[in-house]
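Enquirer: Once you know that position 35 of the sequence shown is 53 in the numbering used here, the rest is easy, because the numbers rise by one and skip nothing.
By construction, these hints were calculated from the structure, which means they are not laboratory data. Here the structure is a predicted model, which is why all the values come from computation and not from measurement. Hints may contain errors.
Derived lysine to aspartate or glutamate pairs resembling DMTMM-like cross-links, with alpha carbons at most 25 Å apart [unchecked claim]:
id, residue 1, residue 2
1, 116, 95
2, 72, 57
3, 47, 117
4, 72, 27
5, 116, 57
6, 47, 119
7, 47, 57
With beta-carbon atoms standing in for the labels, derived distance ranges [what the hints assert, rightly or not]:
id, residue 1, residue 2, range
8, 24, 77, 17 to 27 Å
9, 117, 43, 13 to 23 Å
10, 45, 24, 25 to 35 Å
Yeah, the Cβ is synthetic: ideal placement off N, Cα and C, and Gly gets one too.
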Amino acid sequence: MIAGISIYEILTVTSILFFIGVYGFITRKNLISILMSIELILNASVINFVVINKYLYPDLLQGVFFSIFIIAVAAAETALAVAIIINLYRQIASVEVKDTETMKY
Numbered sequence: 019m020i021a022g023i024s025i026y027e028i029l030t031v032t033s034i035l036f037f038i039g040v041y042g043f044i045t046r047k048n049l050i051s052i053l054m055s056i057e058l059i060l061n062a063s064v065i066n067f068v069v070i071n072k073y074l075y076p077d078l079l080q081g082v083f084f085s086i087f088i089i090a091v092a093a094a095e096t097a098l099a100v101a102i103i104i105n106l107y108r109q110i111a112s113v114e115v116k117d118t119e120t121m122k123y
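Throw the hints in and build the complete structure from the sequences for me.
Expert: Spelled out as structure tokens, the structure:
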């Protein structure tokens, strides 16, 4: 692993990142901020995949492959979400969650 840094410290940092993302997802009212919180959650899971794979199986790259797949899915999700947010902003001139009720009907 990394010299001088244990797996517990890395998992602690990724857990903090994950819960910051969850807190941001629950408390934010802006769609862009919610999207950034989702990205924090996904990035914390990617780091966990790599660290746990490197710790358990130092010679295998399965965690890295899962991480690359998650990054690709996150990029596609971000592109789609930004396109939806841009179209929503063009229709109602706001990116607040409470203003998206017009999409119901």
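Enquirer: Each hint: holds or not?
Expert: Hints versus structure:
Proximity of residue 116 to residue 95 is assessed by CA-CA distance (about 22 Å); at most 25 Å being required, the pair is judged to hold. Annotation: proposed proximity of residue 72 to residue 57 holds, straight-line Cα distance about 23 Å (limit 25 Å). A hinted pair counts as satisfied when its Cα atoms are at most 25 Å apart, and residue 47 with residue 117 qualifies at roughly 10 Å. Between residue 72 and residue 27 the CA atoms are separated by roughly 14 Å; this keeps the pair inside 25 Å, and the hint holds.
Between residue 116 and residue 57 the CA atoms are separated by roughly 21 Å; this keeps the pair inside 25 Å, and the hint holds. With a C-alpha separation of about 13 Å, the suggested pairing of residue 47 with residue 119 holds against the 25 Å cut-off. Our distance criterion of 25 Å between C-alpha atoms is met by residue 47 and residue 57, whose separation comes to about 16 Å. At about 20 Å, the CB distance of residue 24 to residue 77 agrees with the hint of 17 to 27 Å.
Roughly 18 Å separates the CB atoms of residue 117 and residue 43, a value that falls within the hinted 13 to 23 Å. Evaluation of the 25 to 35 Å hint for residue 45 and residue 24 yields a pass: the beta carbon distance comes to about 32 Å.
Violation of the numbered hints given earlier is absent; every hint is satisfied by the structure.
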